[in-house]
Each structure stands twice: as C-alpha cells, then as structure tokens.
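Q: Chain A is already provided as a structure; the job is to place chain B on it using the hints.
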Amino acid sequence: DIQMTQSPSTLSASVGDRVEITCRASQTISKWLAWYQVQPGNAPKLLIYKASTLESGVPSRFSGSGSGTEFTLTISSLQPDDFGTYFCQQYLNYPTFGQGTKVEIK
Amino acid sequence: HVQLQESGPGLLKPSETLSLTCTVSGGSISDYDWSWIRQPPGKGLEWLGYISDSGSTNYSPSLRSRLTLSADTSRNQFSLTLSSVTAADTAIYYCASQPRSLTGTFYYFTFRGQGTQVTVSS
Numbered sequence: 002d003i004q005m006t007q008s009p010s011t012l013s014a015s016v017g018d019r020v021e022i023t024c025r026a027s028q029t030i031s032k033w034l035a036w037y038q039v040q041p042g043n044a045p046k047l048l049i050y051k052a053s054t055l056e057s058g059v060p061s062r063f064s065g066s067g068s069g070t071e072f073t074l075t076i077s078s079l080q081p082d083d084f085g086t087y088f089c090q091q092y093l094n095y096p097t098f099g100q101g102t103k104v105e106i107k
Numbered sequence: 011h012v013q014l015q016e017s018g019p020g021l022l023k024p025s026e027t028l029s030l031t032c033t034v035s036g037g038s039i040s041d042y043d044w045s046w047i048r049q050p051p052g053k054g055l056e057w058l059g060y061i062s063d064s065g066s067t068n069y070s071p072s073l074r075s076r077l078t079l080s081a082d083t084s085r086n087q088f089s090l091t092l093s094s095v096t097a098a099d100t101a102i103y104y105c106a107s108q109p110r111s112l113t114g115t116f117y118y119f120t121f122r123g124q125g126t127q128v129t130v131s132s
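Chains as they are written, first to last, in my numbering: chain A, 2 to 107; chain B, 11 to 132.
It is possible that some hints are incorrect.
[Unchecked claim] Keeping only pairs whose Cα atoms sit at most 25 Å apart, straight-line, the calculated DMTMM-like set for lysine to aspartate or glutamate is:
#	chain 1	residue 1	chain 2	residue 2
1	A	K51	B	D99
2	A	K103	B	D99
3	A	K51	B	D41
4	A	K32	B	D99
5	B	K23	A	D2
6	A	K103	B	D63
7	A	K46	B	E26
8	B	K53	A	D2
9	A	K46	B	D63
10	B	K23	A	E71
11	B	K53	A	E21
12	B	K53	A	E105
13	A	K46	B	E56
14	B	K53	A	D82
In case anyone wonders, no lab produced these hints; they're calculated from the structure.
Only chain A is shown next, with the shape it has when bound in the complex (with noise of 0.2 Å):
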C-alpha cells in the first residue's frame, strides 16, 4: 500500500489566515492525488484532484500544489465555513487516505 502522511494533524487559524497543509506520500504518485473536506454529519466533500483541479462549485480561495511525493492545500483566505477535517487520497492504484488534519477556527 502506499502511505499518505499528512502534516500537521491540527491547526488552529483566524479566519483571513493563509493555510497550508501538506501531504507526503511514500512513493511518487505523479499527480494523482485528490482532496476532500469532511464537517461533522456531512459526506466527504472532493475539493481538489489531480493535485492541483478544482473541483467544479469549489471556492477558488482553495488551490492544490505538488507531484511526485509531496504535495499541499492551501486555503488563501480561511473563512468561518472552511472548518472540519481535510484528507489527502492517492490514486495511483489502490486508494488509499492520509490520516487528516483537522483545521478550527481561532
């Protein structure tokens, strides 16, 4: 399997911040690589694939970077909306999931 690993697990950030969340996986993936957001009681939202697509209807405020191993989200502007957990997903071959990160709002 190919492990994601995502950095940090928490973070706290007032809302106008810029965030950044990284991803690693341990093995090149190119660019296939998905994000999503999960808010509590709410289906996994896709906000990113291909490491840097957004998702159609997805604010522009998010945009993915990255190839290979490395990889990150960053949130330009984080609103009061954007809180829950990120999720970072390779699909070279079988899907599999970072660990998240939960992101609050200060």
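A: Leaving out everything else, chain B in the frame of chain A:
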C-alpha cells in the same frame, strides 16, 4: 443531478453479513463508475471497493476475502456484501461516484449521499 441513497441495517451482530444498497437517482448507473468508502468513528477514510455498471470490480486487498460488490442496472442500484463482520467494521458507509477515463476509471470520489451508519455489536 445525480444523487445517491445508501440503505441497509444499522445494527448487526459479530459474524453476521452486512448488506448495503446504493440507489442512484437523477441519473443512470451507467453515467459513472462507483465505489464504497467507509469512515470508522473518530478515524479516517477507507476505500473498500469499486464496481462499474457492467459488473467489473476491484477490491481493497485487505477486504477482498470478505467483500462482494454487485450492480443491478434494472433497478439503478449497486450493492455491497461484507461477510463475518466484527466491531472493526463499525463505520459510516458511503457510496460515491468516480469518473471514467479513456482506458478505465479514475479513483477519486464525489460523495452524493449522506452515508449510512453501521454498528456491529453483540
């Protein structure tokens, strides 16, 4: 606008077989490929398996011996069967769509339902 509805028993006993159904509405089961994903309480996401409308499947290696996926195009549904459940199978189970590629399928997911809670307890 395709929507999904997961259904099945909320509570099972250890060693029983879990059966879940995902009903596709607002579109056809042939519009996408499909996967099942679960999230145990307080934990991360786990991909379980994939099925196409033609019945092609791909299973997580860790569950291959217990998992069976099937599709019923006449009912616009696809289903999951997981045998010999234990407490470790307690989770919210989601069905999700995934887009097709020119040569197969892409394994990233759009969750179009709310999921269904499954609890395994004696």
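Q: Run the structure past the numbered hints and jot down the numbers of the failing ones, going up.
A: Failing hints, ascending: 1, 4, 5, 6, 7, 10.
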